[in-house]
Structures are given as C-alpha cells and as structure tokens.
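Chemist: Spelled out, the chains give:
Number of protein chains: 2
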Amino acid sequence: MEFKITASSGQARLGVLGTARGTVNTPAFMPVGTQATVKAMSPEELREIGAEIILSNTYHLFLRPGHETIQRLGGIHKFMNWPGPVLTDSGGFQVFSLSDLRKITEDGVEFKSHLDGSMHYLDPALAIEIQHALGADILMAFDECTPYPSPREYAEKSLALTTKWAQKCKEAHERISPEGGARPALFGPALFAIVQGGMYRDLRERSTEEITAIGFDGYAVGGLSVGEPKELMYEIINYMGPMLPAEKPRYLMGIGDLADMLEAVEAGFDMFDCVMPTRNARNGTLFTSRGRVSIKRTEYKDDPSPLDPECGCYTCRNYSRGYLRHLYLAREILSMRLNTIHNLHFYMEFFRQMREAIKKDSFKEFRQKCTDMTTTTQ
Amino acid sequence: MEFKITASSGQARLGVLGTARGTVNTPAFMPVGTQATVKAMSPEELREIGAEIILSNTYHLFLRPGHETIQRLGGIHKFMNWPGPVLTDSGGFQVFSLSDLRKITEDGVEFKSHLDGSMHYLDPALAIEIQHALGADILMAFDECTPYPSPREYAEKSLALTTKWAQKCKEAHERISPEGGARPALFGPALFAIVQGGMYRDLRERSTEEITAIGFDGYAVGGLSVGEPKELMYEIINYMGPMLPAEKPRYLMGIGDLADMLEAVEAGFDMFDCVMPTRNARNGTLFTSRGRVSIKRTEYKDDPSPLDPECGCYTCRNYSRGYLRHLYLAREILSMRLNTIHNLHFYMEFFRQMREAIKKDSFKEFRQKCTDMTTTTQ
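Same order as they appear, the protein sequences are chains Z and E. For the first sequence, the residue numbers in this note's numbering are 1 to 378. For the second sequence, the residue numbers in this note's numbering are 1 to 378.
Just to be clear, a hint being listed does not mean it is correct.
Copies of one chain are not kept apart here, so a pair can be met inside one copy or by any two copies together.
Unchecked claim - In silico DSSO-like links for lysine-lysine, alpha-carbon gap of 27 Å or less: (1) K157 to K230; (2) K360 to K103; (3) K301 to K112; (4) K78 to K296; (5) K364 to K301; (6) K360 to K39; (7) K78 to K157; (8) K369 to K230; (9) K301 to K78; (10) K164 to K4; (11) K39 to K296; (12) K112 to K296; (13) K369 to K301; (14) K230 to K364; (15) K364 to K4; (16) K248 to K360; (17) K301 to K168; (18) K359 to K112.
Honestly, the hints are just simulated from the structure, not real lab data.
So here's chain Z without its partners, still in its complex pose (with noise of 0.2 Å):
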C-alpha cells in the first residue's frame, strides 16, 4: 500500500492511498458493507456514486458465512462481485458490541454469537487469519475497544491489552503474508493498527507511542461515539489527529456525522466509516444540500420535486418526493434502495467537495458554508 499527501489547508490533508485494486482519494468515506453487502445497493451502484473503498465486518462474515467459505468461493471481491478495495475491521468492537456473555483473557475472547447463541472465540491470529482469508486489502488489528464510562485503571490495562494484540497481529500478518514480511509489497495487503485508552489524554498518548512503536501501515483511532459527550469527542479528535504519524493513513473509526466529520478532517484525519448514512435511508431519513429530510412527512404527499434540486443522484434525477413518500409508506424494497442511492450519493459529494476545498487550501471557508446542511432537519 502506497500513501501520498498531495495537498493540504490547514491540518485537513488531500491524499492518495494506492491499493492493488484501486485508488482511494482521501479524505475517504467507507459504505459499510457488513454481510458483504452494502444493504440495498448492487456493487454497480456503488461505482456509480463514486464508492473507491468499501468496508466489511469480519465478525459478521466468520459467524456467516464463514471466512472459509467466502476463501473457497474465491475471496471477498469475487464473493460480492466488488472489484474495488475492501477493509475489514477486526471483529474486535461486534465481539465488545454485539456478542452475550464474553470472557476476555490475554490470549483472546470468547463469545457467544448474537445470531444462535453458539460459542466461538477469536484471537489476535486468528482475526488476522480470518482476514487474510477473506482477501481484504486493509486490516485491522483486532483491539479491545474500551467502554464508556470506564474508570481510568480499566482503560489502562485495555490499552495495554490492545497493544499485546497489536503485536500479535504484526506478527500473524507478517508470517501469512505473501511477501513473508520481510519486506512487504508496495501493494500487497496493509495492516492498520487501533489506539485505545478510553476518554484520558495521557492514555491515549501511551497507546500511540507503543502502536506507532511497532509500526502499520496505518493507524486508526478507536472507541469514540461510544456514549461520550460530543465536547470531549471532539477534544479527543483534535488532540488525537496531529498525534498520529502525519506519513501514514488517519482512519477516525465508525464516526459518520457530517459535522463530526468535518471536525476530524480539519484535525488531519482520512478516512471515516459509519453505518448513518444507509441505516438513515432505510428509515426514510435522508441528507440534502438544505439538511436532513424525514421523507414521510405529509407535506411531501404531493410534491413532484426532486428530494434535492441540487443533486445529480440516479434517485433524484428520476423520482418525485411524492413517489419516494409513497414508497416509504408502503415499506416498498425500492424505498430503501433509492433512498440509499440518494444518500451515499450525497456523502460521496460531500467528501469530494471537501478534498476540492483542501486542494484550494479553503476548507475552513467551506466548513463555514456547511453549516446549514449539517444543524438543519426538516
């Protein structure tokens, strides 16, 4: 994997992520494709509204299908029929998140699965394992991502448990990977590693200082938007951001709110993830150049405009407000469809205007003109 600044205003940067499969324009936007789909959307739509990288769960594909199924039916990309980069988390925040009744050691986690209750484990080989078989061109260290509130002890011994694994995984991504580790292919798989250590300052320091020790491709900053108060998120971003080596990719993980967003961008992060903008299409709330819409409203009933006059999306340019009304109602599957189109869509335009803002060095003038579409719901 090959990384490049070619741009920046402020601390908000403009980057190139090379991957064997494809160029990734940071700062980036991941569709979150769990179950190796992005809910409602076909991989030509995905092109279509300017997708380059999409992101996957590696807990969700080793309890189904199977990370062995989906190597024996040739990989992640030919599996869903995306030819374009793919990331895979490490399993580790649905193992915290999602799974009953999970005993954490040094070594690992056992868990139960939240989809018939049997016991698995996973392990920091093992994710990478997993990940590898998958085919992912980015992984991630599998971490622990600490919960909050946690006392501040709690958070130390978790950073440090995550650094453990970090290690481990270094080691198993090293030991599978084709080049051997030795020296690793300019675009062969990349590993990115995870910092932790919950809402304290100094903690967060300790855990950069022995993850950038042991060297990723790229480093991610983990359990934010766990239940914490924005003030203290974004302290956590802006001192979090110029932290981490400026040569290689920043990913804020799982944050997807346009204003966080821009808040992260302008504190040097790259790439972002978030399930809002299709879990929101699929409940009929979507993004507009004028701010949130709640499609069902009333008003819409017989409106034959475009949901955004100011959008060039397959949605908008062919069905009315009225007809995407009628659709939500009527629990119709193109409903979600189309509204998924529209808002991954706008999200793709959204961070395509912010990397123009940062190669014309404005990007603090366009987060000023942002505002109404970030803070406004109709």
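Use these hints to put chain E onto chain Z, whose structure you have.
Modeler: Relative to chain Z, chain E alone:
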C-alpha cells in the same frame, strides 16, 4: 389499442398488442407492481429483463397514496418512472380477498381498508375513474370475483352483477375517454372486461355471451385459482380459451404457474400476471432450466457456480449460488433484488421461448420439453 395475431400453433397464438406506450408481444407475462413498484426492481432492471408491460393494482393505489395524488404527480408512468404500458386491475379481486366487512349491493361495494380499517366505497364508475386518473393503458372492468366453492345460485347472481357492472364500466370509460367514446382512438386507453360464472360451464358461457355482447377491447377470465382442484381449473381454461372472441386479447388473470400457463397458452390465452416469480424470489425459491431451487439448501454453501448455468441474467452472470445462499440467510435486501431479477428474467425468457415455438408451429413439442423444468423441485 391494436391487436394482431401473426402466427399460431394449434390454438396457441402469437400476437402483437399495440399501445400508446409501446408494443407488447403475446403471449405476454406481466410482472406485478402492486404499489406502483415491482417489488425489489428498478424500472431499468424491468427493461433489461425484457418486461414490456406491467400490472398495477387499483385497490392498493386507491387506498395509498390515492389516485388523485398519482394524478397530481403526473400519472402512474411518471410517478414510478416506468414509461412502458401499464395494465391496472379493477380492484374487484382485492376488495373481495383483502378487505374485511364488505357489503355488496347492486351498485357497488362498501369495504374496510386492510391498511387502517377505514371505510371505503367502490363501484364500477369509480373504478374506471380511478384507473383513468392513474393513467393506465389497459383498464379492467370492476367485477365480483365469485368465491370457491359457490352454489350455482350464488354464481349465477354474481355473474349477473358482473355483467351489469361491466356495462356501467363501459359507459364510464366512454364518458371519460378523450375521444368521448364515439370512436375510441386506435391507441387510447383500452378497457377489458372479465368473465365470471364460477365453476359452471353454462354460466361461463352465459357470462361470455353477455360480456362480449357489450363489447370490450379484450376479455379476461377471472375467478380461477381460487381453491378449486387443478383438473377443474384446466377444464375451464380449455373451454374458456376458444370461447372468447378470437380477434381480441385473452387474459387469464392471476395464474402464473409455469405448467398452468403452458396449458392456457395452448388453449389460446395471450396475457398473464402473477406474483409467483417475484414472491417466490423473496422467499428464496428460484426457477431454473432444471426446475425449482430452494437457495437456502446447505449443498449450495460453497458452490461457486451460477444459479442456472444456462441463464444469462445479471444475477447468473455475476454471482455464485454460495453468495445467493449467504444473502438469503442473512436476509439482505440484495438477496431479494438478485432473486427477483433472476426469476423475472426466467419468466420473460420462458415467454420468449413460447412465442418462438408458436412462430415455428412447434408449441406442443416445446411444451413436452418443459416437463422437467415445470415439475422438478430441488
């Protein structure tokens, strides 16, 4: 509307139906778009699989969003972004099958909405007004669908009511039609009427005589596949085909089993509609050249081959059985999309082959060859 028979094979007919919005080759299958969307499909996908006409439901659109809303939004074609021909049923069947508490009088039916329990009223004139407001290309007369079993006396009264209502529908249609009814435009909206009569041959004959005496652009057979034994249905299909006027389209309503449609095409029917391909798709039952397949079966878990190696649809060109099984078990929206594309493509291809066989005057041979496909279930 224009209808020409261009070839035949036994009683099976090859025809061309000309409408203002395009040509329909018959025998034709009409995908069902109940709520102004063929479930899980985009209009472009309908085009790609070769659909030339779709059916939509007056009852459903009357209740939600309301025909006046659709009219204000430019009519059903603009509303749903489908520029091709649309046939709307009259609502008769749904009033009798979906709603509670219906009260039938000589004039019309009062019924309770299946959506919210609100009371509504439909009569022949209103059913036609609604279909004109929707902007349908082919309208259906409002009938009473005789239940099974019905004593002869009930069926007799019911067919008399259907005749009376058909007359009223024609009057309403001529009043509303742009040409004022004096001389309907060649490509103006067409009105079909429905033959009832229960399971009684002489009543079916009487209904046919009465309905054809009024005179319509096409004739449909209703009140079949309502619980009667298959032998009885086949018997009725076989005498009803030749009984209907030869120079007009013959439409067998709501019957979409492959073997049943072969029987009906051989008896001289031209048009069909059924939710079977779309509903089965969503339930994971797929039609293939080797018979029906239940995609959830364990044997497909690691199967890299396409669902049907002989199929050229988008799904079979791009996805494995293993992936389709995974999507189905994960209840993903893409499962319903890919399965629906396949099943509808299969139906369209089946009809294309039927038309080819009629053209070559080899319909019986074609039907013979279909035995495996129509009887095998995997």
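Chemist: Which earlier hints can't be squared with this structure?
Modeler: Hints 2, 5, 6, 7, 10, 13, 17 and 18 are the ones this structure does not satisfy, whereas the remaining hints hold.
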